[in-house]
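Visitor: Each chain, letter by letter, is given below.
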Amino acid sequence: MIVPEFEYLSPQSVQEACALLIQYGANAKVLAGGSDLLVKMKDGLMKPAYLVSLKNLDSLKAIRYQKGAGVIIGARATHNEVMNNDILQAKYRSVCEAAHSMAADQIRNVGTIGGNLVNAVPSADLPPILIALDSQARIVGTSGSEPFHWRISFSDQARLRLRAERSSRKSSFQISQRPAATTSSSGCVGQERWPWPALPVALRSAMVPAKTFASSSAQWRRHRCERVRPSKSCAVRRLARNSSMKPGESPRSNQNLSMISGAASSIGATSSTY
Amino acid sequence: MVTAIKKGNLHVVRLVVNGEEHAALVKSNTTLLDLLREEFDYTGTKKGCELGDCGACTVLMDGKTVNSCLVLAVEANGHTVTTIEGLERNGELDRLQEEFINQAAVQCGYCSPGMILSAKALLVRNPHPSEREVREAIGGNLCRCTGYVRIVKAILAAAEANS
Numbered sequence: 000m001i002v003p004e005f006e007y008l009s010p011q012s013v014q015e016a017c018a019l020l021i022q023y024g025a026n027a028k029v030l031a032g033g034s035d036l037l038v039k040m041k042d043g044l045m046k047p048a049y050l051v052s053l054k055n056l057d058s059l060k061a062i063r064y065q066k067g068a069g070v071i072i073g074a075r076a077t078h079n080e081v082m083n084n085d086i087l088q089a090k091y092r093s094v095c096e097a098a099h100s101m102a103a104d105q106i107r108n109v110g111t112i113g114g115n116l117v118n119a120v121p122s123a124d125l126p127p128i129l130i131a132l133d134s135q136a137r138i139v140g141t142s143g144s145e146p147f148h149w150r151i152s153f154s155d156q157a158r159l160r161l162r163a164e165r166s167s168r169k170s171s172f173q174i175s176q177r178p179a180a181t182t183s184s185s186g187c188v189g190q191e192r193w194p195w196p197a198l199p200v201a202l203r204s205a206m207v208p209a210k211t212f213a214s215s216s217a218q219w220r221r222h223r224c225e226r227v228r229p230s231k232s233c234a235v236r237r238l239a240r241n242s243s244m245k246p247g248e249s250p251r252s253n254q255n256l257s258m259i260s261g262a263a264s265s266i267g268a269t270s271s272t273y
Numbered sequence: 000m001v002t003a004i005k006k007g008n009l010h011v012v013r014l015v016v017n018g019e020e021h022a023a024l025v026k027s028n029t030t031l032l033d034l035l036r037e038e039f040d041y042t043g044t045k046k047g048c049e050l051g052d053c054g055a056c057t058v059l060m061d062g063k064t065v066n067s068c069l070v071l072a073v074e075a076n077g078h079t080v081t082t083i084e085g086l087e088r089n090g091e092l093d094r095l096q097e098e099f100i101n102q103a104a105v106q107c108g109y110c111s112p113g114m115i116l117s118a119k120a121l122l123v124r125n126p127h128p129s130e131r132e133v134r135e136a137i138g139g140n141l142c143r144c145t146g147y148v149r150i151v152k153a154i155l156a157a158a159e160a161n162s
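Protein chains in written order, with numbering that gives the first Met the number 0: chain V, 0 to 273; chain Z, 0 to 162.
Source of the hints: derived by calculation from the structure; they are not laboratory data.
Don't take every hint at face value.
What the hints assert, rightly or not - DSS-like mimics (lysine-lysine), calculated; alpha carbons at most 30 angstroms apart, straight line:
1) K63/Z with K152/Z
2) K5/Z with K46/Z
3) K63/Z with K41/V
4) K63/Z with K60/V
Claimed, not checked - Derived DEER-like restraints, expressed as beta-carbon distance ranges:
5) S122/V with R13/Z: 33 to 39 angstroms
6) S12/V with I100/Z: 48 to 54 angstroms
7) G24/V with L9/Z: 23 to 29 angstroms
8) I100/Z with K46/V: 42 to 48 angstroms
9) R134/Z with P3/V: 49 to 55 angstroms
10) V120/V with L24/Z: 34 to 40 angstroms
11) P3/V with E20/Z: 26 to 32 angstroms
Using N, Cα and C, we set each Cβ at its ideal position, and we do this for glycine too.
So here's chain V without its partners, still in its complex pose:
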C-alpha cells in the first residue's frame, strides 16, 4: 500500500506554516501525527501535493495551566500526553479518560488532539468531553492579529459537523466529515467562509470548579453507557432523570448537560450509518 507522492515541507514556526498553507491553498494538508491523514492518502481518498509537517513546532506540544484561563492544551499534544498529563489528571480527569479510550497505545503515541478534532469523524473520543467542558479552540492565521477564540459544538446531523464559532463577531466556519470524505483533515481547515487557511494551535479549557467538573465527569461516564441507545429522546429523558442538578443551580451546568446530550445522541445517530 503506497502513499501517493507529495512534497514534504517542514516549517520552523507557526507563522511559516500558515504562510505555506496560504501559498499552496487546497493543494496542501497539515501533517501532525498522520494516523488519520496517511490512512486516507493510502486509501486514495486524498492526494495532496504538499504536506506541511508540524514536526518542528514543539511549542504546540505544551500543556499548561494559566491562572484565569484554565488549562491550555497544545494542538500537537498526543493522546498519551493528554492522558498522562499531571495538570489534566488533577483538574480535568475526564479529558484524560476520553484520551485513554482512544485506539491503542501505538496510535495514542502519535495521534494528536488537534488532529482528532479537525478530522471530525463521528466516532471521535475527545470532542464530546471538550464540548461538555465548554472548551474553546484558539486558531491562528497569518494576519498577525490576535488569535481568535472558537466555540466548538456538534450538529446532530447524520453527517457530523464540528462547528467553531467566533464569539466576538458574527462569523463561523465548520469542519465537516462525510462518509467517503474528501474534506479537510489534520489541521488544514480552509473553508469557504474563512478567508485564509488556519491552524488550530491550542485548546483553551474554560475554568470549571472542581465540584462541577467531578459531576460532569460522572455524567460523562454514565452517558458513555447510554450512547448506544438509538432513541435521542430516551437518552435525554434519562439524563434529565439522572441529573443531580437542583432547581436554581447555575445555568452553566445545565448547558454542559444539554451539550453532552446533543453530542452523544449525534454519535448514536451517525454511527449506525457506518
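Starting from the structure of chain V, add chain Z where the hints point.
Guide: Same frame as chain V, but now just chain Z:
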C-alpha cells in the same frame, strides 16, 4: 532539533536504529516501515495491514510504540528506533523473547515482533503490570492465530522474572 536535508526530490534521513547510526536518502512518501525493511534490512518488523490496525509493524520510537507503517521516514529523522532485532544483548535473547519461547506463545509468529515490542514498552514503564494492563498494552496488536492466552502468560512471566 534535527531538520531533514533535501536533495532534489529526496531527503537525507539520519536515525539511530538498535544503537547503530543509519543514514539514507528517501522519497517523501517512504514510510519508516519500508525504510527499516528495504533499506536497512531489519525484516523482523512485519508488514501487515499497513493502515495502523494490526500492529505487526510496531517498533519503539524514542521508547514509545508506534505503527511504523503510519510514520513517514522523513518524520523519523533524528529519532531513536528499536526493532525486534535490537532486543537481544550480546547474543542473549531478551527475557520477553525467552518467555515467549518457554510459554509457547508463538504460533505462526507474524505478530510476535510487534507483541514483544509493545510488551517491552509496557515493562519499561511499568515493571509489574496486572493482567489487565498487559491486555491493554497489546490492544493494538492483533494475533490472527488468536493465541492471546499464552502471549499474556509469557508477558506476565517476564514481568515476574524481573522481580
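Visitor: Does each hint hold? Answer for all of them.
Guide: Going down the list of hints, with the structure as the test:
With a C-alpha separation of about 22 angstroms, the suggested pair K63/Z and K152/Z falls inside the 30 angstroms cut-off, and the hint holds. Taking the CA atoms of K5/Z and K46/Z, the gap is about 27 angstroms. The hint holds against a cut of 30 angstroms. In summary, the hint linking K63/Z to K41/V is supported, as the alpha carbons are separated by about 24 angstroms, within the 30 angstroms threshold. Restraint check: the Cα-Cα separation between K63/Z and K60/V comes to about 16 angstroms, which is no more than 30 angstroms; the hinted pair holds.
Between S122/V and R13/Z the C-beta distance comes to about 38 angstroms, which sits within the given range of 33 to 39 angstroms. In this structure the supplied range 48 to 54 angstroms holds for S12/V paired with I100/Z, their Cβ-Cβ distance being about 51 angstroms. Taking the beta carbon of each, G24/V and L9/Z are about 26 angstroms apart, inside 23 to 29 angstroms as hinted. Hint check: I100/Z to K46/V, Cβ distance near 45 angstroms, so the stated range 42 to 48 angstroms holds.
Distance hint check: the CB atoms of R134/Z and P3/V are about 36 angstroms apart, inconsistent with the given range 49 to 55 angstroms. Judged by the Cβ atoms, the range 34 to 40 angstroms given for V120/V and L24/Z holds: they are separated by roughly 36 angstroms. Checking the proposed 26 to 32 angstroms range against P3/V and E20/Z shows it holds: the Cβ atoms sit about 31 angstroms from each other.
Violated hint for the displayed structure: number 9, the only one.
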